[in-house]
Each structure stands twice: as structure tokens, then as C-alpha cells.
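Here is what each chain is made of, one letter per residue.
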Amino acid sequence: MTFIAKPKIAHPSLPKNALGLTRREYEGALSTLCAGCGHDSITAAITEACWELSLEPQNVVKLSGIGCSSKTTAYFVSGGHGFNSVHGRMPSIAMGANAANRNLHYIGVSGDGDTLSIGLGQFCHAIRRNLNMLYIIENNGVYGLTKGQFSASADIGTKAKKGETNFQPPIDPVLLAMTLGATFVARSFSGDKRQLVPLIQAGLRHKGFALIDVLSPCVTFNDHEGSTKSYAYTREHYEPAVHADFVPLEREIVADYQEGETLPVVMHDGSRIVLRKLEAGYDPTNRVVAATHIQERMKAGEYLTGLLYVEESETEFHDINATPDAPLNSLPFEALTPGSKGLEKVLARYR
Amino acid sequence: MSTSTLNPAARRVNDFAIKIATVNGTGSASANTLLMKSIFRSGIPVMGKNYFPSNIQGLPTWYEIRVTKDGYVARSGRVDIMVAMNAETYARDVKEVAPGGYLVYDSTWPRPALLKREDITVIGVPLARLCNESFNGVRTRILMKNICYAGVLAALLDLDLDLIRKLLAETYAKKPQLVDSNMKAIQLGYDYAKANFTCPLPLRVEKLDKTANHILIDGNTAAALGCVFAGATVAAWYPITPSTSLMDAYKSFADRMRVDPATGRKNFAFIQAEDELAAIGMVIGANWNGARAFTATSGPGISLMNEFLGLAYYAEVPAVIFDIQRVGPSTGMPTRTQQCDVMACAYASHGDTRHVCLYPANPEECFYMAVQAFDLAERLQTPVLVLSDLDIGMNDWMCRDLKWDDSYRPDRGKVLDKEAVMKLEKFHRFIDKDGDGIPYRTLPGTHPKGAYFARGSGHSQYGTYTEDSTEYQIVLDRLVKKWDTARKLVPRAVIDATAGSDIGIVSIGSCEGAIREAMDILKAHDVGVDYMRVRSFPFSEDVERFLAAHKLLFVVEQNRDAQFRSLLTLESSVEKSKLRSLLHYNGMPISSSFIVDGVLAEISPRGIARPKDAAAG
Chain U
9 MTFIAKPKIA
19 HPSLPKNALG
29 LTRREYEGAL
39 STLCAGCGHD
49 SITAAITEAC
59 WELSLEPQNV
69 VKLSGIGCSS
79 KTTAYFVSGG
89 HGFNSVHGRM
99 PSIAMGANAA
109 NRNLHYIGVS
119 GDGDTLSIGL
129 GQFCHAIRRN
139 LNMLYIIENN
149 GVYGLTKGQF
159 SASADIGTKA
169 KKGETNFQPP
179 IDPVLLAMTL
189 GATFVARSFS
199 GDKRQLVPLI
209 QAGLRHKGFA
219 LIDVLSPCVT
229 FNDHEGSTKS
239 YAYTREHYEP
249 AVHADFVPLE
259 REIVADYQEG
269 ETLPVVMHDG
279 SRIVLRKLEA
289 GYDPTNRVVA
299 ATHIQERMKA
309 GEYLTGLLYV
319 EESETEFHDI
329 NATPDAPLNS
339 LPFEALTPGS
349 KGLEKVLARY
359 R
Chain C
24 MSTSTLNPAA
34 RRVNDFAIKI
44 ATVNGTGSAS
54 ANTLLMKSIF
64 RSGIPVMGKN
74 YFPSNIQGLP
84 TWYEIRVTKD
94 GYVARSGRVD
104 IMVAMNAETY
114 ARDVKEVAPG
124 GYLVYDSTWP
134 RPALLKREDI
144 TVIGVPLARL
154 CNESFNGVRT
164 RILMKNICYA
174 GVLAALLDLD
184 LDLIRKLLAE
194 TYAKKPQLVD
204 SNMKAIQLGY
214 DYAKANFTCP
224 LPLRVEKLDK
234 TANHILIDGN
244 TAAALGCVFA
254 GATVAAWYPI
264 TPSTSLMDAY
274 KSFADRMRVD
284 PATGRKNFAF
294 IQAEDELAAI
304 GMVIGANWNG
314 ARAFTATSGP
324 GISLMNEFLG
334 LAYYAEVPAV
344 IFDIQRVGPS
354 TGMPTRTQQC
364 DVMACAYASH
374 GDTRHVCLYP
384 ANPEECFYMA
394 VQAFDLAERL
404 QTPVLVLSDL
414 DIGMNDWMCR
424 DLKWDDSYRP
434 DRGKVLDKEA
444 VMKLEKFHRF
454 IDKDGDGIPY
464 RTLPGTHPKG
474 AYFARGSGHS
484 QYGTYTEDST
494 EYQIVLDRLV
504 KKWDTARKLV
514 PRAVIDATAG
524 SDIGIVSIGS
534 CEGAIREAMD
544 ILKAHDVGVD
554 YMRVRSFPFS
564 EDVERFLAAH
574 KLLFVVEQNR
584 DAQFRSLLTL
594 ESSVEKSKLR
604 SLLHYNGMPI
614 SSSFIVDGVL
624 AEISPRGIAR
634 PKDAAAG
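These protein sequence lines map, in sequence, to chains U and C. The first sequence begins at 9 in the numbering used here and counts up by one. The second sequence begins at 24 in the numbering used here and counts up by one.
Read the hints as simulated data drawn from the structure, not as lab findings. A quick note: this is a predicted structure, and the numbers were derived from the prediction, not measured. Note that CB positions come from ideal geometry on N, CA and C, so glycine has one too. Heads up, a few of these hints could be off.
Pair by pair, the computed Cβ-Cβ distance ranges are [to be verified]:
#1 G523/C <-> P340/U: 49 to 55 Å
#2 L499/C <-> I164/U: 57 to 63 Å
#3 L153/U <-> I454/C: 28 to 34 Å
With the hints as constraints, model all of the structure from the sequences given.
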């Protein structure tokens, strides 16, 4: 048997969320990724975020394409449906699923190959439609399952495990998404759970397309000396620019923020993200300023992280399409078919 | 003269074909529709075919109108009246007129060279001069010149001018000034013809009452209507000729009939995708999530959708795909017709895959098969491809009134709701509980107990990932069982064995009209043939019986490589040596004469005199 179910042994003292569920009930199958893989940390962060938000497990829809990252949708929230589709095409599956039922939480997990090479087109168009989903890129700069080829996010000058150097410029999903009009753009690091969990929560609550590019080192093929996506290199070069605390609707803000340093952003459901600027001159609500700043720091070899840009959008796909509040898949047949009388009326035009 | 036109003298009233050669983008479509509809409204069965270029303005385009008292819906392969409005194509247009026929042309610029043929009558009307004298503006003059030839034909054929006026009033209900100007152009042509020629011609129309309870509709419109009535809520597509009008029609019907009047909200989602890969992905995602979703495309789109079709087959997700076939390979001739995706659809995608295909023959069947496609896709949890073509999809066909049974309820297949899931000890996605090869599925959001992981990678019958040979094979073998169930659910073949002959014609889709007429003509030659039109893949059980019961079988199809014949030999036990292919693949819709000539050549090569100029359409 190549499927490994996680043993469900729950300690009675495990804390419960508002639905009375423990963290264990937000877990999935046992990961088959390499020990130490950054992706497993992200899986843990997603699990934590969903539990804390008390999402109904069956309302979580997990979507992915192909690659190591895409396997991970099996490793969290086993009570939600998952769809592991074809390489680079997860956004279209997500679009269709979301069109059928707008009321579920859609979490897409993809990799840098799945998103930035084979799936670049679908990624861009999902952003253009402001498809209401959380899209996580588990970005390690390398193709893992096919053993170590450079991906489109590999930096110039980075070295492959076998010694080859990359000379092609990388595609940066954060800058790309900002250019395309994305309304929630974040970057994080798999090793920084404190930063990542609230970002995932905010992303899940965001109305529209929420992108989190997570630097997630590949321990097997891209964690060596000379790689710009190794744990050591990432730790040294990642720079939190904005810290985001997610404050659900039902909770009061208790943290003690200094006036002027914090910026609360109210989300469509009334919950808030409190942004704390860690960098002078950074403005996560100004697309142009933010993009310029990210690029400048990138030139200096640093990845800015945090919720880099946010705009609580008014119009996601369904608003533009004017679909009803009830999911399309729940409409009774009577509401959909014009019946024989309707047909007679139509035919009059063809006589 | 073709062997199919035995007695030209008897074919004059309500039985002839007009071909109109124009330049595209000059408004000739309105004139042609006007002519066709006025004949239809006169109670006379009529066929219209549009041969248009893949271009917006300036290239040659033809429209063929066949007036057919016997109600034949295909081309005869013969042109009796040519309206030559395009100097660029004069030479070939003149050649195409059947002996004894007529040529109408714009004599503002006399073309004595045209008169070379002595076996036809040339009718010169100074259309440009007439319109230049009566209308202002270059664009108006060009448009009115085309309406003017409709007036000429009205006089020559004895069409009812009141009827034409009424049609114009309907068409331009919101722009009444256009009714007057169009009518003026009609009258100009009509009066000139009346004054200068003996009207009507021996080829003319006479009112009948054969079009009651019939409509003139194209297959894409009918298929779109079927999608609306079947309750499809998600439509995703990428523009491609000749399928685009199906999606346009769906949107326009849905915008009228699917909007909640109180809230203005739309009970459908219409998504223009970034390409066909995304379009089919959206359709699969939506169907997986419990919506009836569909896409329409053509050959190049089918090629792009292959990977996803394999996923839907293996992950067992319903999907409905309309393939409006056009001429291939590659870009081919996008505005010409063929049946060239038969094999590409039957086995689309890598690995062992087989897809349910439906083959509608006309717009009427497009409507009913659209509804059936959704029922089959959801019942069988698999993609269903509806293989129409450009001829069916974009030409106006006369067909019986579409009927809707108000007691119809969609077959949503084996979907477990929360209550049903709760009753189970454990839910397993791919277990064959009922022995028909069809497992039960759940929709996202139902209950954690019903959650499963859909995947294109190897999976066990429990829905878990597997690389175990036995587990993998159990699922693959069950899919074969499901295929056998499909065979019992798909539409049966249409069989006409009234001739009780040893000879049979076997075909699919839009060849139907030409075959029916060819059978009548063959009968007049004392050649009786039986006929089977296959309507689905997998083949229904009656197909095998028909193939076995006939000694010689003509397989008629519209592609070069005999794709349907290949499918027959692969998927039935028919003896290959019994099959004779009649292949029509020049991009024009198949004609009855092509079939008659093909059959006669095989069964009595020397028995029938076949003149050299036989028009093989």
C-alpha cells in the first residue's frame, strides 16, 4: 500500500476550536516528502490556520497541480475534498469549482514549476479574474520530482546540486502578481511559522485572489552551498517588511501597537489584519510604492516578506458575473429550465 | 449532368438550387437570409448553406439556397441559378451552372466573355447603376446592391413581395427607416427584371404548405438551447470558429431566460477562458463540484484538451464538450466542414482512454443530444463529446419544431448527499457497489465523512493514492465495465431496413440528409439499400447486428482517412472486406449525387452511363 494514513490518536487534553475540533481533525494523510522539506512546514501552517479560523473541514476545498508541492493537499484537512489535477492547470479547476459553489474555501497549493513555467498563463488569468481563492506557491527554485532541474524562479548565479550555474533571470511571482492587479500579495518563508500562519488566515478571509509565495527550501536538491534557495541563504536574506496580525471578527485587538506604526485593514467579513511596518518607507497599500521597494531590495539580494500588498477588493469573479448568493450548484432545476412554454416563445423567432 | 438529376424538366417548380457569389462584408448575408426565409414562409421546404471565408471583409463568399419540394436537406450537387456578384470569381461561378441554367450578373460592367457558354441563359441587371442612381453614400450603395439582387430573384422566381416586406419589418422592427430603404432596393431589382425579362422563369416557386410545424435553425443555436433547458449553469470556452456561435447563443438565451427579474442576478456563469486548456479545466472543476458545465470548441481545441480529457476519464468527472468539427489537419480551413475528429475524440488523451461520443445529424438532434449529453455525463461520471460540424452548426436547417417535455428531470447520477453519507460506515469513492461499473461520488461541502481526493495519479478503489499493480488494475478493469454500461445507455442507431437489401449504407452525423436523398434516387435506379446511422460511441448493440446482416456496406463519412470506418473495424467484429468507403473531404457539405455516383460505381461499374462532367459535389 503506497498510501499512508495518519494514525488518529487524539489526546483528550488537546485544545479545541470554536467548532469543538482539535488540530488533529485538520490534518491529512502522512507526508511522503523528504524529511526536512519546507513544504511540510507549510502544511503544518495551513493546518494551524484552518483550525484557528474554525473552518468547517468539509467546506475546505484543496486544489493542486503536479509536483512535490501539489502532493501536499493530501496532507491537511482530510475532511475536505481535494483535487490533484494536471500540471500547471490547477487555477482552471479552481475557477470551475468556484463558479459552481462560491461559498466554500478554496486553497490552491502549487510550486514554482507548476505556477511559473507550465502554469504561468493560468496563474495570470486567475489573478485577472480575481478568483476568490488562497493560492500558495511553495517556492524552492528547483524541480524536485524530476531530480534537480532549475525552475523559472531560480536566481541568476545560483548553482544546481551538480554544479551547473543558472544564467536566466527568474520570474518573481510577487512582482508579477502586483503588475497583474492582484489584491493580496504576500511572501513568506516556510521556516517562519509566526509570520506564515496569520498570512494564511488573512488570505483565506480575503475577498478575491490571495497569493502567498512561500520560500520553501528543497533539502534534497537545492540546499547546498551556492544555492540561493537553501535554508541558510534564505534565513540570511529574507527580510520581514510588514508583519501582519490577523484579527478575526469575534476577537478584540489586544496587542499593543504604537500609533503610526500599525495599519488596520478591515476585510469584507469585518475581520481585520493589523499590519506592522518593519521597514521605514514601506507602504503595503500603495501598489507602485510597494512594487518599487520590493524591486530595490531584490537588487540588493534581499527578499522582502510579509503582506506586501493588500487591497480589500469589492469585486471578485462572482460580483462581475452577477451570480446569485446561493451557489449555482444548489439552484433547483425549476429555476434553470424555461419549460415548454418558454421554448414555444423562442421558436417563434425561427419560423 | 450527374446521374442524380434524371429528369431535369420535372424539377423546375419548387425544385432547383440557387448559388449566390458575393464578397464578404458587403451585407449579402441579409439578402440571402431574406430570400431563404421568404421561400420558407411560402410553405416550401428550403435548404441554405453558407460557404464563407476565414476573413472579415473582402474575400469571396457563396450562399447556396436549394428549393426542395421533397424536403431534402442536403446539397444536390447541382446549381441551376448562379447570381454572380463577385467579379473575382466569375470564371469559376459561370462554369458551375448546370446546362439549361441561368446566370444573373451585374451588367453595369458588361462581361461579353461570360456569354461564352451557350447552354445557359445570362441575365444582366445593372445593379450598381440602379443603386447608384437611387442611394447616397458608398457603403449604402454596396449594401443595397445586394438587397437589389434579392428583388431581381423575387421577380424571376415569383416570390411574394408582401411576404418580403413583412420579413423586413420583422428584421428591422427597431429601425423602421431601414425597412423602407431595403424595400426600395428590392423594388428596383424587381421592376427592372419585370420590365426586361420574361418573368417568372420556368424555375420558380409556387406556394405549398410543407413548412408548418417546422423551424429554420442552425445546430449551434439548437445545441445552446439544449444546454439552457438541460440546466447547465457553467459555460467556459475559448473563441474558435465554428463553435463560437454556440456559446454566443447560450449567453444570449441565458441573458434572457436565466436572469432573476427581482434581483438581476444571473443563474449561470459564463467564462471566457484564456485558452482551451483552461476552458476544459473549468468545465471539469465545475462538474466535479456539482454544476452542469460545458464547453464548445473545434479540432484545434480538442487537441489542446486532450490531457484534461484523460484526467476526467480516469478521475471520473462528468463533462460535456461540443466539438463543432471543421477542416483539418492543423488550422486547416476553419470555415469549411468535415467530420475529421472522430478518432481524436473517441480515444482522446494518452493511456487507455475511451470517451462517450454522440453524433447528431441536424439541429433538431443537437438540441436533444445536448440534454442527453448532460444526463449521460453525470450518470456515467465521464466526459461526453457531442460531435457536430460546421455544416450542422452554422447553417440554417429546416427541422421539425423542437419539443420540451415538462416532466423531464435531469439525471444527476450517483451523488450521495449528507444524509446518505451519514448512513454509510465508510465512504469509498471508487467501489463498484451496484455492479454496473459506476461508483458513487460526493460533492465538496457535503460532510467530512464524504470527503475524497480526486486525482489523475494511480488510485485504489478506495480513492487512495497507489502504485500497487493489483489495486491499479482493479480500477482500470472496472472502467471497462462502466464502458459496457454506457453501451446500454447511449442513443441507439437509426436503422432503415425497409429495402431488405444485402447492401447497406453506414454513416454518422450530417451525412444523413444526402444519404436519404441518395437512397430515393438509387431506388429510382432499382437499387434498394438499407441504412444505418450510428449515433453514439460506444456503439449501441444494434450496430453489430446491422453490420452482420449485410454483405456489402458503404461507409459514408466526411474525412480523408475513413476514421469512422476505422472505428467500426476496431470496435465491432465486422469483416473489413465488406466495407467500402465513400469519403467526401473537400470542405463542402456532402451532396446526394456524390453518394449515388459512389454506390453505382461500385455495384454496377458498366451498368450505368456516367457522363464525364458528372458533378461529384
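Cβ separation of G523/C and P340/U, checked against the hinted range 49 to 55 Å: holds, 50 Å
Given a hinted range of 57 to 63 Å, is it respected by the beta-carbon distance of L499/C and I164/U? violated, 46 Å
A range of 28 to 34 Å was offered for this pair. Does it hold for the Cβ distance of L153/U and I454/C? At roughly 30 Å between Cβ atoms, I454/C and L153/U fall inside 28 to 34 Å, so the hint holds.
Figure legend: structure checked against the earlier numbered hints; the only hint not met is number 2.
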